[in-house]
Structure formats: structure tokens, C-alpha cells
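A.B. asks: Dock chain B against the given chain A, drawing on the hints supplied.
Residues per chain, in single letters:
2 protein chains.
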Amino acid sequence: MPVGTRGAVKGVAFDWLEAWDCRVVLANTYHLMARPGLATIEKAGGLHAYMGWPRALLTDSGGFQVMSLAARRRVSDEGVEFRSPEDGTRHFLTPQRAMELQSVFGVDVAMALDVCPAFPAERAEVEEACRRTLAWAERCRRAYSGPGLLFGIVQGGTHEDLRRKSAQDLVALDFPGYAIGGVAVGESKEAIREVTARTAALLPGDRPRYLMGVGTPADLLASVRAGIDLFDCVLPTRNGRMGHAYTSRGEVAIKHERFKEDLSPLDPDCACPVCRRHSRAYLRNLFVLKDFSAPMLLSMHNVHFYLGWMRRLREAIQGGRLGELEAPPEEKILDGA
Amino acid sequence: MPVGTRGAVKGVAFDWLEAWDCRVVLANTYHLMARPGLATIEKAGGLHAYMGWPRALLTDSGGFQVMSLAARRRVSDEGVEFRSPEDGTRHFLTPQRAMELQSVFGVDVAMALDVCPAFPAERAEVEEACRRTLAWAERCRRAYSGPGLLFGIVQGGTHEDLRRKSAQDLVALDFPGYAIGGVAVGESKEAIREVTARTAALLPGDRPRYLMGVGTPADLLASVRAGIDLFDCVLPTRNGRMGHAYTSRGEVAIKHERFKEDLSPLDPDCACPVCRRHSRAYLRNLFVLKDFSAPMLLSMHNVHFYLGWMRRLREAIQGGRLGELEAPPEEKILDGA
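Protein sequences, first through last, are from chains A and B. Okay, so the first sequence: first residue is 1 according to my numbering, each after it adds one. Okay, so the second sequence: first residue is 1 according to my numbering, each after it adds one.
One or more of the hints may lead you astray.
[Unchecked claim] DSSO-like, lysine-lysine: derived pairs with alpha carbons at most 30 Å apart:
id, chain 1, residue 1, chain 2, residue 2
1, B, LYS43, A, LYS255
2, B, LYS43, A, LYS260
3, A, LYS255, B, LYS290
4, B, LYS290, A, LYS43
5, B, LYS332, A, LYS43
6, A, LYS290, B, LYS43
7, B, LYS260, B, LYS290
8, B, LYS255, A, LYS43
In case anyone wonders, no lab produced these hints; they're calculated from the structure.
In isolation and in its complexed conformation, chain A is listed as follows (with noise of 0.2 Å):
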């Protein structure tokens, strides 16, 4: 799922992501519900409306932007009192706010409100916070009214028990499909892993798995042979508008030197628009200079990249060849053509 945080992907416009065979799109409640707030999406008929996307979409309950950027959050059973961070007004986020929010907007996938605790945490601030994104997720199940599905999110952190234990109770509770929480948060890439395969292996495999905020091509893979069935990352939007390019030989920093006179494309096996038209020279010099394209350009290859590489993990599920596949290296590509 490409990330809509404020209802837009950044740099990609929607047709493409529609001509790219894209089915969900990833939107955050805590900004939408900051801006342009409730009454308005309420208003456009519901977010699909709103945002002009009518294929799938997938909200997250707020919980972790609360956690990660609201100033002077006070964490309670009931909920999360925060204040915003740009206008400095007082908001309590509640397990039934975040789906009443999300109810509204129409969604076709909703999260429960969850704890996501930093890394690293003392082993009890983990357990608290088990505890109450439990306590949640049944005040959640009771309280969405969307149309949509609500799954629930597994914390634990990287202490196997916990993890063992969140899973359980929450599948105890019947979700229609399960979401795991608080990975890719500052641990190494083999614990995300570790957590990512002990975790999906707890939960029913016919329900959807999702792995949150993960990862790079590789990840995904190893993540899919977990067992893992949706993904949502701000990889290939933030990275393409820094200038990092994801690509079947290696990742291109493309600000590089050694791309100024590289007239072969970003990658040479990708259809994509960019890759059709243009060269990795071309490419560097729009972002030596700064202009305006050179950052769309890039996420709109790596939007298309991530699209096809998912396609590629289906196909590969469908044919019987999830073991053979290779993922793309993630080493810089270090010559120019």
C-alpha cells in the first residue's frame, strides 16, 4: 500500500497508481483528522470521496502518530490526551473516537487503536502497553459501526512472550484479519525479521497478515515467505524524493557524480514512465538542481517498482515459486553505465 498520509501520495498521482494495478492505499487518521478534520470528509461523503480514490483504502487508528509526533501526550486506560503540535489544541484519542473516525470515513479497512511503544522500552512499559492495546481492541470491536473490516494489531516488542501472548488474545477476540504493530521501529533488521516470522505464524492464515511500516523489496520478501499479505512504507515516496531510487539491479542514490554522464535508465528492466523517457543523467541533473520534477519523477518510479515487485511475490505465490525468487540486491549500484 503506497502511503496517502494527508489523502495524496506524494509526487504520484492517482491515475498512475490505477494504470500501476494498485488496489489499497494507506491514509492516516491522525492527520486527517487534524486536517481537514471529520466534518469535512463527513461532508464529501466519506474518505474515498474525499481523497478521489475510490479503489480500496486502509486507515490506521492515529495511535502511532500520537505516540511518535503529538506533544505532551498523557497515556490513560481511556485513551490518549495529546496537544497538536501545530496549533497546540487539546485532543483525547479514545478507542471509540478512533473508530468513530474511522466508521465515518468509510474505509474499507479500519485498525483498532493501539499502544505502540518506543524502542527500546523496559520490558514492563511492554507489557502495559499489551494490556492496554488488548483492553482497546475489545473496546474497538464493539465500537465500530464501518463498513468496512477491523483488524486488530499485536504488540510485544522484540520479547517473544509478549508477542505470544498479544497474539492470542486478540485472535481470542476474532478479528476478521490481524496487523502487526511496533516492528521497524529502531531494531536491527534481524529482530524485525525474528519478530515478523514468530509473530505471522501465530496468526490464522486465512486471515489477512499485515506488517506495518515495512520495508525495503527484500523485507518484503522475507516477509511474505513469513506469511505476511499486506505491507504499507514510505520508502519509495520518501527515499524517491531524496533522491534514492529502488531498482531490479540495486538502489541508485542518483545525486551520485558517477550518474552525470549515465544515459541508461534508473533500471533497464522497468516499463515504468520514467524509465521509458528518461536517463539516470537526466535524472541527476533535475536534482542537482533542485527542480520541482526531479522528486516526482523518482517517486513515481519506485511507487511503480514496489507495485511490481508485489505483483512479481502474487505471481510467484500462485505459481509455486515464492522459494526461488531472488530479491533485488540492496547494495548501491556503484558503476554508471
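C.D. replies: Only chain B this time, still in chain A's reference frame:
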């Protein structure tokens, strides 16, 4: 012609331009000779291949940018000596060099090197600019070896007699097309329209007439009525990035509070990918929050609007209805929907 200063039309992928029947893009010789430089463009096989734009290209000569952007320039009969504002390197742009660049670029329309005086300027300075522009036009005519058409540029400021002499002198050189330069450099709208109409009437009707750097949709209509065939202007992209949209109902300054709850499209009569999906409220929110997609979406709409407006002008000419056509109002739209 959308403006692709450094080889990209800021915020508008070339696939859109092709879909919207854009036939010519303008690129800036001054910027391209600095970066990536002639060698890279030659190595790519010309400017079309370097940019990834197979349709027609027009390049300016670099003269206007040297006058307006370069540091410590010195104009002599030989050409313009200047220092790059970026790295302080010394350059010498002569008519021969401007022709060499555009010949190797392989563009469809090349422009003669001219001297564009600042506005306001003493009459003597404008006379001197006309004299040099004519002398350089002769040298350009001999030096140009590219595959395209070389256009001469009429100067003369707001002086009727100087414009007439400049036009007549150039016409005597028998160029395949003519441009009116040195307009829209600070004069009043009335002065621009008067100079345009008077000068266009002095240029042969069987050759393309190109008004450089103009203007609003209403300016385009007035100029087409005066006989102008070709335009380039940064307004749709530059103003789009600033949050200013051109519509059939008037101009929309999208950041304004009044559009906060306005769920109607930028332009109810527009079928562009932005107006088909998004509301003013959605676009305003992205602009207020400085989302990267916001300037992109308004640039897309504006370029689509300009290309559509030019198509309407062509159809009106073909249908004998140019006199009846009404320009969209230049007033800002004051009411939300």
C-alpha cells in the same frame, strides 16, 4: 508551449503532455548549456533523446537569460561575456555559439540570439539593442546548421518606429518564422497588447508568429486575434506551484480560507485528472500543509487548462468563431461553491 527550463516541465510528467495533445515544449538554452552541458546532450543523441520528449522542441537562444540572470555580463558586437551565477565561471555567448548549441540540440525550432533591453530603457539603448539583434540575426542565419527552423526575434521596446524597423529588417532576411521579444518585461498590459498587435501586423502572415513569454488566457486570446500563433509562458507551472489555478470561471487562489469547505472541483467544466477526482477543499488542505503533491496537482490542472484553451482557440479559428470567443474572467473567484 509549456516551459521545460531544464528539460522537465515542472510537476507535469511528459505522458500527461502527450495525452493532452501538447505538440511543442520549450527548453532553455542558457540553463542546458550550463548543465548538463552540450557534450552530454550530444552524447544522448540530441535534446529530444536527452529529455525523453519525442515531439517538437523549441529552444530560446539563451540571450534573455544571459541578460536577466547572469552576473557581470558585458555585451559587445561579438556577443555576451558573462559569469555563471552558480560557479563564477566565465562564458562567452556569441551568435555562432548559440547556433552551434541549438544545432547540436537538434530542436525543431531554434531562436536567433538577440539583445533584450531591460524595461524601462533609454531610447538609445533600445536602438543599440535593435542594431545588434539585427547584426546577430544575420550571423545566426549563416551559422545555423540544425535540422529545424530558425526564427528571428523582433526587438524595439515600446517604440513604434523601432519595432517597425526591426520587423522590416528581419523580414528582409527571410526567416521561416518570427518572434516578438522584449515584451512582458515590465510594461503595462495595454502596452504589451499594443506592441503585439502592431508588430504582428508587420510580420508575414504565412510564417509562424511567436510571442515570447506571454501570458494569461485573456492575453492569449487578444494576441491570437492579433495574428500570433505560438506562445510560451511559465504562468501555468510557476503559478500552479504557488497555489494559483486558472479556470473557466476565473482564477482560484486555492490557499484562501474561503475554499476550506468547498467540495466542488477547481473548475466544474474541466476533465483533467485533478478536477475529475479532487475538490478545492482537498487541494487547499494539501497546500496549507505543504504536501508535495499540492504544487504538482495544480501545475497539472493549469497546463491542461492552457492546452485546452489553445485548442479552443484553434477550433474557433477553423470554425470562423474567433471574434465571438470570450476569455475566462481574470478576476479571482470570490465565492466557495
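A.B. asks: Any of the earlier hints contradicted here, and which numbers?
C.D. replies: Result: no hint breaks.
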